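Visitor: Guided by the hints, dock chain B onto chain A, whose structure is given.
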Amino acid sequence: NAGVTQTPKFQVLKTGQSMTLQCAQDMNHNSMYWYRQDPGMGLRLIYYSASEGTTDKGEVPNGYNVSRLNKREFSLRLESAAPSQTSVYFCASSEARGRTTYQETQYFGPGTRLLVL
Amino acid sequence: AQSVTQPDIHITVSEGASLELRCNYSYGATPYLFWYVQSPGQGLQLLLKYFSGDTLVQGIKGFEAEFKRSQSSFNLRKPSVHWSDAAEYFCAVAERFSGNTPLVFGKGTRLSVIA
Chain A
244 NAGVTQTPKF QVLKTGQSMT LQCAQDMNHN SMYWYRQDPG MGLRLIYYSA
294 SEGTTDKGEV PNGYNVSRLN KREFSLRLES AAPSQTSVYF CASSEARGRT
344 TYQETQYFGP GTRLLVL
Chain B
21 AQSVTQPDIH ITVSEGASLE LRCNYSYGAT PYLFWYVQSP GQGLQLLLKY
71 FSGDTLVQGI KGFEAEFKRS QSSFNLRKPS VHWSDAAEYF CAVAERFSGN
121 TPLVFGKGTR LSVIA
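Each protein sequence line maps, in turn, to chains A and B. Whatever position you read off the first sequence (first residue = 1), add 243 for the numbering used here. Whatever position you read off the second sequence (first residue = 1), add 20 for the numbering used here.
The set of hints was computed from the structure by calculation and includes no laboratory data. None of these values were measured; they are calculated from a predicted model. Positions of the beta carbon are idealized from the N, C-alpha and C atoms, including for glycine.
DSS-like, lysine-lysine: derived pairs with alpha carbons at most 30 Å apart:
1. B:K127 to A:K252
2. A:K252 to A:K314
3. A:K300 to A:K314
4. B:K69 to B:K127
5. A:K300 to A:K252
6. B:K69 to B:K88
7. A:K300 to A:K257
8. B:K81 to B:K127
9. A:K252 to B:K81
10. B:K88 to B:K127
11. B:K69 to B:K81
12. A:K300 to B:K69
13. B:K127 to A:K300
14. B:K69 to A:K314
15. B:K127 to A:K257
16. A:K252 to B:K69
Just the calculated beta-carbon pair ranges, DEER-fashion:
17. B:R42 to A:S261: 35 to 45 Å
18. B:E84 to A:M270: 23 to 33 Å
19. B:S59 to A:T329: 14 to 24 Å
20. B:P60 to A:K257: 26 to 36 Å
21. A:P353 to B:R97: 20 to 30 Å
22. A:L312 to B:G36: 40 to 50 Å
23. A:G259 to B:L76: 48 to 58 Å
24. A:P282 to B:K81: 18 to 28 Å
25. B:T75 to A:K257: 48 to 58 Å
26. B:T75 to A:N308: 40 to 50 Å
27. B:W103 to A:R320: 33 to 43 Å
28. A:E302 to B:I80: 24 to 34 Å
Only chain A is shown next, with the shape it has when bound in the complex (with noise of 0.2 Å):
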């Protein structure tokens, strides 16, 4: 039972490429989550799928999509990257069986560090 990983651990992009982050969960949750993680500034919340087939915008989507490809993989994607997308991201995932979703402890992936040059 690996929780939630994430790949790549590091990425360097150049201004303007674009690059998938993975994320996949083995514990059978519902609802996933992406948060990239700056200095001063907390989590902020990038989209979420509260179940398998649904995605929704958080706090700072512009720059981003998601897809949730199945029940334990929701990948984010960063169509022409920019050195304000520099930043380390959170994968999360949780239970939410039928209830509000952000009652359910969020379980967090290790992160992806990426740099924006």
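Guide: Quick look at chain B alone, frame taken from chain A:
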């Protein structure tokens, strides 16, 4: 909109000393309240949470937190800090009757532990 304030950006305590990390929230009704810890280079891990009932909540690693409605606070405490407690601590709140309104995190308090 709800908000979470952690007034202390960085706190340094001596090993064995007591610890209190402050968290205040702004919301009309009692929200769901959480404390998460992030060790260096790691993701976040839940320490404890408050949904209802006893306002003193026990968590993992010897931590506890007390919900005080009158002060809109949910402060985290530990009676004796260990060097391994050095980490960043985040308070978070979720609206109680909101459907899927996102969890809101505070900006975090970094804890340093000295010998």
